[in-house]
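These two chains come separately, so use the hints to put the complex back together.
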Amino acid sequence: MASELPPMQTRGSQFTRGVKAILPILLAVAPFGMIYGALARQSGLSVAAAQSMSFIVFAGSSQFVTTQLVSQTIPGLVIVLTIFVVNLRHALYSASVAPYLQHLPARWKAGLAYLLTDEAYAVSILHYEKEGSAGNQHWFLFGAGLGLWTCWQLSTLAGIFLGAVIPASWSLDFALPLTFIALIVPALKDKAGVAAALVAGVAGVIAFALPYKLGIITAALVGVAAGMLVEGKK
Amino acid sequence: MSIWAVMLLGGALTYLTRLSFIWLQDRISMPPLARRALRFVPPAVLAVVIFQELLYHSGSLDLSLVNTRLLAGIFAVIVAWRSRNPLLTIAAGMASLLLLNLLFSFLGI
Numbered sequence: 466m467a468s469e470l471p472p473m474q475t476r477g478s479q480f481t482r483g484v485k486a487i488l489p490i491l492l493a494v495a496p497f498g499m500i501y502g503a504l505a506r507q508s509g510l511s512v513a514a515a516q517s518m519s520f521i522v523f524a525g526s527s528q529f530v531t532t533q534l535v536s537q538t539i540p541g542l543v544i545v546l547t548i549f550v551v552n553l554r555h556a557l558y559s560a561s562v563a564p565y566l567q568h569l570p571a572r573w574k575a576g577l578a579y580l581l582t583d584e585a586y587a588v589s590i591l592h593y594e595k596e597g598s599a600g601n602q603h604w605f606l607f608g609a610g611l612g613l614w615t616c617w618q619l620s621t622l623a624g625i626f627l628g629a630v631i632p633a634s635w636s637l638d639f640a641l642p643l644t645f646i647a648l649i650v651p652a653l654k655d656k657a658g659v660a661a662a663l664v665a666g667v668a669g670v671i672a673f674a675l676p677y678k679l680g681i682i683t684a685a686l687v688g689v690a691a692g693m694l695v696e697g698k699k
Numbered sequence: 662m663s664i665w666a667v668m669l670l671g672g673a674l675t676y677l678t679r680l681s682f683i684w685l686q687d688r689i690s691m692p693p694l695a696r697r698a699l700r701f702v703p704p705a706v707l708a709v710v711i712f713q714e715l716l717y718h719s720g721s722l723d724l725s726l727v728n729t730r731l732l733a734g735i736f737a738v739i740v741a742w743r744s745r746n747p748l749l750t751i752a753a754g755m756a757s758l759l760l761l762n763l764l765f766s767f768l769g770i
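In order, the protein sequence lines correspond to chains A and B. At position 15 of the first sequence the residue is numbered 480 (this note's numbering), and the sequence of numbers has no breaks. At position 45 of the second sequence the residue is numbered 706 (this note's numbering), and the sequence of numbers has no breaks.
Only chain B is shown next, with the shape it has when bound in the complex (with noise of 0.2 Å):
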């Protein structure tokens, strides 16, 4: 399937979801239980992505305390939680990446 395909369908798809309710608003109503879930969906999504990116970027887990993409998500993490500044959190992720690898590389590991 071309990128083409596959963005014309999963367009096609979001506008769906996004109008669902809107045309059909006095024929169908959202079950409770679905209602209840979708609040997850986006954080658990993104979850997925970020502990796959931050632990298997080599391919393999890395669980260790030399993986910089880890070490510098975390305090991506912390960063985000103490000041909510989505900037900030970005800037301070990528900066510190850059750094461990610099400093790692400094250190020969």
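Bound conformation, chain A alone (with noise of 0.2 Å):
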């Protein structure tokens, strides 16, 4: 019963702790909702398309790569295909937190799963780790999960109106590329990263002309390939 818990144990207070490990992250995530949301609409998505992503794909790396791809005509299957691949890591996220969802019921995993995001897992393994998943630590992974869901979908509201009063002359679309900087450049910690990230984007630039935009993932494997290689020399 809850009421013999530790209080640090109740549902509610892991909840509460699940929220409060992903407050901080919010900040930096909600800049990048708003851009999300702004370069949305100014590649020609309708409102409701631009806020349906954020529900649906929940994911912000490829919903980054879908508004450059849709700005141009890119048959929508490799647009699929490319959400596809930029999400795969997220099998990583799921292969490390499942021993900790084993005993939940079906309903639990399943409402588990569309909350993981990078965030969300990043700050639940590490409470996972530490305290075990015996009693009520999923509602730890439910809070921060849905902290950042919250989030993302404000944010993407408030991106969808401000991409609207943003004069062209700002060239707002420059943030794209800017925001995946922010986002790699700090995580690049050891030679095997840097290769796999100068080859892609050499490989990316020989391989621009490929039809369909296919170049990109073209590019991505060649620059995991180098990554794998240069780990592998160690």
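If you are wondering where the hints come from, they were derived from the structure by calculation, not from laboratory data. It cannot be assumed that every hint is accurate.
Said to hold, decoys possible - Simulated DEER-style distance windows between Cβ atoms: (1) A575(A) with L726(B): 51 to 61 Å; (2) Y717(B) with V512(A): 23 to 33 Å; (3) H568(A) with D723(B): 54 to 64 Å; (4) V727(B) with W573(A): 55 to 65 Å; (5) K656(A) with S744(B): 14 to 24 Å.
All C-beta atoms in this analysis are idealised placements derived from N, C-alpha and C, irrespective of residue type, glycine included.
Structure below.
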């Protein structure tokens, strides 16, 4: 019974701790959500489509790439494939948290999977590794995930309306590569990661002319191979 | 394919990726090779988009020193590297692009 658990272990307190753990990260996420919303509108998506993508796909980087691809005439299947590849990393998170969620009913697994973003995963796996999975720990992941979800939806909405008032001379589309620079440069911690990024980037320039923007995925695979090669040499 | 179909399919694939091991943990395990490879997917994909946006914005390869997006992008990389601050990186990149564009149009380049 919940009343017999220590105060830190109740559902409500785990949920609150999850929300508190994600709060500082939300300060950094909100501007990205706003930039996404603004770029989505400028790429020609309707208000409903721009907001729905945050709801349906709910994965920042892939949403940014999608706004870039829809502003050109790229076949839908290529965009779907690109979204899939950009989000493949979530399989790592899924495998990583899976042991801690095994005892949960199916509806919890289904719900928490939807909320398993980069940020919610990052704070929750630390929590799980420290405190294990017994009791109400899944409420922590629920709190962190829902906190991020709420922030992403609201900041998208703010960006959608902000995008309409930003003049074209501000070159807002430049925020796309800047956002990606801000995301990956601090995350490049070893030679293998740097090699993956640089080789992929150069390959992307060479493969630019490939039809239907397939150059993005092709070049990314070359970069992944380069990263693994460099890592393997150690 | 409409944008709605793209979002629903892309969203479904993303959701299934997130659900994969949570759902099937006792039946599948991730091959070590895939585990190694997946770590490199985000930097690789994002780098491709960065390079293409900085070098191909005009539609053709522009490696010249009057490519203001390239210059501002390099500046943003340096800011990101030194500060590790995402907001500062974006602000510095946007501001430097605006300033370079102003400067170059003033110089008539």
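Q.
Are any of the numbered hints broken by this structure? If so, which, sorted upward?
A. Of the numbered hints, all hold.
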